[in-house]
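A.B. asks: Below, each chain spelled out in residue letters.
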Amino acid sequence: MRPRRPPPRPRRPTSETAGPLARHTRPVRYTVGADLIRLGIQHQPWLRPAARPSAVRSGHCTERAVTAVRAVTAGLLTRDTGGMDIAARKKKDEGPTGARKGRKSDDMAGQWKAFIEHLEGEMKSVLGTSSAEYRKLSENWLRLSEAMNSNLAGATGGEGGEGGAPWQAIYDQWVEGSRTIKKNMESTLDSEDPNHKKLFQTWEDESQKFGESLADRMLSGMKEQMELYELWMDAFGRDRGEMDHFDEVGGIVGRHYSDFMDRLQRINSEARDDRGTGGADAPSFDDVAASRATKDIYEAWLATTSSMMKDIMATPTFGGTLRQSADAYLKAKESTDRMMEDELRRMRLPTMSQMDELYKGLTELDRKVNAIQEMLEENGPPTPRATAPLRAAPKKKPGKKKAAPKKKPAKKRAAPKKKPAKKKAAPRKKAAKKKASPKKPSAKRKD
Amino acid sequence: MREREQMSENRGADPEWWRAAMHHHISDNLKSASHLTSLMRDPPDADVGQSPSEVIYLENKLRLLHYKPMVGKRLSPPVLIIYALVNRPYILDLQPDRSVVRSLLLSGVDVYLIDWGSPSDRDKYLELDDYVNGYIHRVVKKVCRDSGSDRLTLFGYCQGGTLASMYAAQHPEKVHNLILMAAPLDFSGECGLLGRWSTEEYFDVDRFIDVMGNVPADFMNGGYLLMDPVGNLYTKYVRFLDKAGDREFAEMFARMERWVNDGIPLAGETFRQFIKWCYREDRLMNGRVVLGGRRVDLTDIDAPILSIYGTYDHLVPPQMSRSFSGATSSKDTAEMEIPTGHIGLSVSSKSHRDLWPEVSRWLWERGEG
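Here the protein sequences come in this chain order: A and B.
Counted the way our numbering counts, the first sequence spans residues -12 to 434.
Counted the way our numbering counts, the second sequence spans residues 39 to 407.
There may be inaccurate statements among the hints.
As the list claims (entries may be wrong) - Straight-line distance between alpha carbons at most 27 Å, and here's what the computed DSS-like set of lysine-lysine pairs gives:
| id | chain 1 | residue 1 | chain 2 | residue 2 |
| --- | --- | --- | --- | --- |
| 1 | B | K69 | A | K282 |
| 2 | A | K355 | B | K274 |
| 3 | B | K180 | A | K355 |
| 4 | B | K69 | A | K297 |
| 5 | B | K314 | A | K318 |
| 6 | B | K314 | A | K320 |
| 7 | B | K99 | A | K355 |
| 8 | B | K274 | A | K282 |
| 9 | A | K282 | B | K281 |
| 10 | A | K111 | A | K169 |
| 11 | A | K318 | A | K355 |
Don't read these hints as lab results, they were simulated from the structure.
With the sequences and hints as input, model every part of the structure.
C.D. replies: Right under this line is the structure:
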């Protein structure tokens, strides 16, 4: 018995051939998580509250969520043999006519025809039908055109649909063909010639448009997955008002994941280049190049994760989370502080609030002392005139009894009185000089 | 590119190729592990703040450092560095070849620096006015007395720049030049993540200060780490592992780690005012800050102004500094922008090659001889 051929792994175009196409060509079978994120990003409107089905908005979706969990789990289990049977479900849902698919297919065939005719007309007018360049490029065109015509005409379903080539395969064929055409155009056309440049630009623009349409057609076959995704969201608590947060953060994660996949693709291509340029005699592998490639992947992952996290930190969702965490912590601390306060009071120890009052008082006192000190510095030291009344005050005290011997002690007192005054003045001057001196080495503590 | 197109996709899946890559990586990691072991046996030197200095003034937790001159010629007036109220100021003198202080000293600048110390519960009621018209004013007077100069150059780094600008507006007679490095001054536009997280919607500053008293160092540090969680908590250490064999790199890394994890609390009332007045109400640029009963009017600043900022500064984006000089009366303003981040301004080799010689030149051109 022949082993069953695994389904073709979707290939992604390189960024230089497809540009924005890469956005539409995320691999579809890597993991469920990746799929969900990718789908969430590509179909943001689906996630907006207003666009959600009324059943979901009203919250009657538990049963559907359970169904979704079962379906996705079953899909995971059968993934290797084709994953969820989406095509079969689709057929059942839409009935046997397949009218919608047929119309889509016709649309694509029509687009392809218009694309081919337009480009061919441009080539004819720029290169002339008899030129060697025209003949060379037409060969590629013809080959791709025939293959695409045949497959597009036969296509009737979505990815893996019955009765025609799968859209994924058509898309792959287009990417391969357009890559070859581009390569030939680059080697054939004259980059200095403005007409040639214009022709090349027309090709770039038109091929992008067509590729995007093709990718959209390919993705339209995944609508069921989108529905499942919706149901998953129900299971994750959409009705608890968390959906907007998921939109926001999920969008960022998905965008960075896409960037990472682009980088990965680029690194992979470069690594293959490294292996291929050595010629026939080159060793089958080069461990330095291999190491560089894996290192590059790691660096790309780091850069992506770092920039993703920075973006997440800037979201209102994260801001709200910070607020919640802080509030929860403060609530707990308030409660602990209250308990501590009660305990300390019971033990007749100074409480935190009493200490706070003390600190407040001390700070006020500091301010007053500083203000007085500054006032003194600005106005200079107190003058003797200002101090005289204070020192003279005791002189008025003596009563009548002491009136007789008043003169003698007065003289005695007068004599020593001047000395302390001089002694007090002296250190003040010294101190002032010391402060002014720039050479003073020792520190002065003010408090 | 054409060769690439010729390659078959299947050739990329060569198991030999990936085996070789893994072999290469494992041997690299083993090398790193051996470097790490040797670093653990002989830890890298993490001494910081090695420029010789003396403490010439103490007040509460504040210390005023005066650096010893390194060359004969000395520029007057002196420069007083005002660092932010968070983190330690030795980032400006991290190691000899990455030292802003040393760079200024070698060009003949007379350097003083305020080390705010670590506030305790005792300091939780200190307000912006206490810092600007209290501590800074007394320090300025001390520096003037010490240097014999009437005025000085104020050099504010980060939040220190905000304090310096407030001081310069209230005491213009004391300020000869004003240098503002990565200073958050204009809060009207994009204020980075810190600005976003400081809004009323995400942060109840009143409740926070009422409960916590001071702002814990870990809270501030956590905020800085969250601004780039992968870079700060993972990539940095991966890079270290890659370069663990480079002794010089390991020493620089150890010093930076020491500084990053050596945060200090911030006085609660000051923080409350800073968040409300600056981040939320943008009072400084609008002349609505009132300190000590007097309005902080930026048009009172007429000294030459030098604004320095880093292009990639995510803590204080350049636009928070750019418009400041236009709001003053100064007719001599200059800007220097370096393609680096907030800390890179003081420690990156690029800054020490391109920025600091220019700053010294700017100072000498405006010195008193």
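A.B. asks: If a hint holds in the structure, say so; if it doesn't, say that too.
C.D. replies: Verification of the supplied hints:
For a cut-off of 27 Å, the pair hint linking K69/B to K282/A stands: about 16 Å separates their Cα positions. Restraint check: the Cα-Cα separation between K355/A and K274/B comes to about 48 Å, which exceeds 27 Å; the hinted pair is violated. A distance of roughly 20 Å separates the Cα atoms of K180/B and K355/A; the hinted pair therefore holds under the 27 Å criterion. A distance of roughly 32 Å separates the Cα atoms of K69/B and K297/A; the hinted pair therefore is violated under the 27 Å criterion.
The straight-line distance between the Cα atoms of K314/B and K318/A is roughly 22 Å, inside the 27 Å bound, and the hint therefore holds. For the hint linking K314/B to K320/A, the alpha-carbon distance of about 23 Å falls within 27 Å, and the restraint holds. Of the pairs offered as hints, the one joining K99/B and K355/A holds, with about 19 Å between alpha carbons and a cut-off of 27 Å not exceeded. Taken as a hint, the K274/B and K282/A pair is honoured in the structure, with Cα atoms around 16 Å apart against an allowance of 27 Å.
Between the alpha carbons of K282/A and K281/B the distance comes to roughly 15 Å, so the proposed pair stays at or under 27 Å and holds. For the hint linking K111/A to K169/A, the alpha-carbon distance of about 17 Å falls within 27 Å, and the restraint holds. The straight-line distance between the Cα atoms of K318/A and K355/A is roughly 36 Å, outside the 27 Å bound, and the hint therefore fails.
When held up to the earlier numbered hints, the structure conflicts with 2, 4, 11 and fits the remainder.
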